[in-house]
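Novice: Given next are the chains, with one letter for each unit.
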Amino acid sequence: MEIHKMRITQGCFSFLPDLTDDQIRAQVQYCLDKGWAVSFEFTDDPHPRNIYWEMWGLPMFDLRDAAGVMKELAECRRVYGDRYIRLCGFDASHDWESVRISFLVNRPKEEPGFRLDRSESVGRNLRYTTHAYVADRPEGQRYG
Amino acid sequence: MNAPAVTVRGAERYRSGVMEYKRMGYWEPDYTPKDTDVIAMFRITPQDGVDPTEAAAAVAGESSTATWTVVWTDRLTAAEKYRAKCYRVDPVPNASGQYFAYIAYDLDLFEPGSIANLTASIIGNVFGFKPLKALRLEDMRLPVAYVKTFQGPATGIVVERERLDKFGRPLLGATVKPKLGLSGRNYGRVVYEALKGGLDFTKDDENINSQPFMHWRERFLYCMEAVNKAQAATGEMKGTYLNVTAATMEDMYERAEFARELGSCIVMIDLVIGYTAIQSMSKWARRNDMILHLHRAGHSTYTRQKSHGVSFRVIAKWMRLAGVDHIHAGTVVGKLEGDPNTTRGYYDICREDFNPMNLEHGVFFDQNWASLNKLMPVASGGIHAGQMHQLLDLLGEDVVLQFGGGTIGHPMGIQAGATANRVALEAMILARNEGRDYVHEGPEILAKAAQTCTPLKQALDIWKNVAFNYESTDAPDFVPSLSVSA
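From first to last, the protein sequence lines are chains A and B. Take the first sequence: its position 69, counting from 1, is numbered 69 in my numbering, and each next residue is one higher. Take the second sequence: its position 63, counting from 1, is numbered 63 in my numbering, and each next residue is one higher.
Think of the hints as simulated: they come from the structure by calculation, not from any bench. Heads up, some of the hints might be wrong.
[As the list claims (entries may be wrong)] Under the rule of at most 25 angstroms between Cα atoms (straight-line distance), these lysine-lysine pairs were calculated in the BS3-like manner:
id, chain 1, residue 1, chain 2, residue 2
1, A, LYS109, B, LYS166
2, B, LYS177, B, LYS133
3, A, LYS109, B, LYS177
4, B, LYS166, A, LYS5
5, A, LYS109, B, LYS457
6, B, LYS229, A, LYS34
7, B, LYS166, B, LYS81
8, B, LYS166, A, LYS34
9, B, LYS177, A, LYS5
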């Protein structure tokens with residue numbers, strides 16, 4: 001039996017093999033064809049409720065060319081390639097005004113994952129805390 | 001069809017005795033509904049020998065101000081305003097003896113923000129009225145002025161996705177099986193395996209409340225251990241719909257409070273608790289940052305037969321007003337009733353801000369939702385990974401796909417079943433976004449994804465020939481007419 005390797009499954013393609021740049025470009029084109037603004041965000045704190053990843057610049061509202069977006073990704077990877085990077089497609093249409101698609105485009109080499117802390121509470125209740133193993137080190141020194 | 005008005009006016013109108021409904025002012029073919037009127041469209045089947053116009057006027061009368069005889073006390077009121085007015089009667093295409101009756105109701109007839117009050121009029125006494133063989137409420141137009149008196153979905157699709165941090169694909173769920181008999185500890189095992197394997201949600205079944213084999217606190221405690229453990233194992237938000245349905249509101253509040261205390265992001269109720277209880281739970285959910293799932297238990301007793309009852313499209317509208325966040329709305333391809341066009345109509349009612357009239361989908365009115373939150377439809381019952389391309393095509397992206405048997409029945413276990421579904425879904429979304437003809441190439445896309453995912457290969461093998469092809473009992477009355485141009 002295969003030993004299970006931790007792999008964070010946030011984003012909408014985490015159960016597929018990591019996307020190639022050609023595959024990412026096709027998804028970028030999909031976003032642009034829909035009129036969505038593409039952006040990249042990165043973090044080394046992958047807690048499932050860490051909403052505000054750092055922004056790699058502003059969402060590219062005016063960029064309509066997938067090649068340009070891929071250049072930004074290459075640049076972001078060059079600087080923050082040791083961290084998680086996600087692509088977001090943002091739809092500003094009335095009655096949505098939020099993210100429409102989001103998926104990982106870069107992962108750290110090793111993903112130690114999370115410890116679940118349980119503290120005993122009243123009766124049989126437990127208080128749960130999801131604790132990223134890497135989070136004990138300061139930001140910027142967590143992976144690699 | 002539309003006979004001229006025969007309304008009696010002045011002193012004659014109030015002479016004691018019995019008068020035909022159409023003469024009392026309930027048949028007004030020249031009336032133009034106001035923007036603020038509630039409009040109901042009924043399918044009426046009059047008893048033999050009953051004039052369809054009189055039958056339709058009687059429905060208007062009995063669902064608003066009328067009683068069986070003239071009463072002088074009408075003259076103490078602005079009676080003409082309060083009378084519902086049937087303004088149109090059409091024969092139903094290809095259904096002899098049935099008629100569509102359009103009835104307009106003044107907004108003042110209804111208490112703001114109360115489904116109970118709305119339904120007490122519209123589907124009250126009138127459904128047992130003797131001159132009719134059968135009566136079905138097909139659709140309603142709810143004016144913006146009335147829509148705005150309701151809270152609407154406690155969370156809504158957009159905020160639910162933001163809270164869960166899940167975008168760009170349908171959500172995946174499974175109902176824990178067997179639906180009855182598991183102990184709390186064994187039940188939580190199913191939840192953990194399914195969530196860790198790749199599902200976003202698991203779900204209590206409609207009849208899991210608090211029985212001798214598993215009391216509710218046991219279930220809640222073990223389920224939340226499972227949710228938290230799966231969340232830590234995957235780094236992804238997970239949830240389980242804890243069914244808080246109970247005998248009294250006090251019991252339901254107690255269960256919902258406990259779910260909140262344990263950190264659950266979602267609770268669940270059944271349609272059988274009633275409209276008022278549903279609205280109460282919606283307000284509770286809004287106050288407590290909770291997603292509210294509704295199982296439509298019981299609806300088929302009155303939605304399924306075409307001649308009598310209430311169409312599910314009306315129930316969907318009421319539930320959007322009442323304020324649930326999830327509603328089971330059909331799968332088309334699964335084991336439960338669902339004509340594709342009719343189901344499409346239900347989904348549009350849940351998810352769009354404006355529904356244009358679309359007779360082919362059974363939608364009889366333009367409906368403006370005035371930015372009321374959207375409600376996530378749930379597809380559940382007899383679906384499996386091999387249908388992923390059809391499900392995505394028929395149901396779209398903002399939907400929860402629930403594979404109960406299709407997860408738990410996997411030959412290699414629950415985690416493998418969950419993984420198979422998630423991989424199939426992600427592969428299909430990827431292909432769709434790449435511009436591929438995924439509906440036709442679906443089987444190839446799945447076979448390709450299965451090359452690197454053994455659980456998916458096994459799922460495709462075991463369920464490859466499963467389909468539920470039965471004729472629908474509730475299909476639209478209007479079909480697109482083909483025109484041939486030279």
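Novice: It remains to establish, for every hint, whether it holds in the given structure.
Specialist: Here is how each hint holds up against the structure:
1. LYS109/A x LYS166/B: Holds: LYS109/A and LYS166/B sit about 24 angstroms apart, inside 25 angstroms.
2. LYS177/B x LYS133/B: 41 angstroms, violated
3. LYS109/A x LYS177/B: 38 angstroms, violated
4. LYS166/B x LYS5/A: 22 angstroms, holds
5. LYS109/A x LYS457/B: Given that 25 angstroms is the threshold and the Cα spacing comes to 28 angstroms, the pair is violated.
6. LYS229/B x LYS34/A: Given that 25 angstroms is the threshold and the Cα spacing comes to 37 angstroms, the pair is violated.
7. LYS166/B x LYS81/B: 49 angstroms, violated
8. LYS166/B x LYS34/A: 19 angstroms, holds
9. LYS177/B x LYS5/A: The hint is violated at about 28 angstroms.
Checked against the numbered hints above, the structure breaks hints 2, 3, 5, 6, 7, 9 and satisfies the rest.
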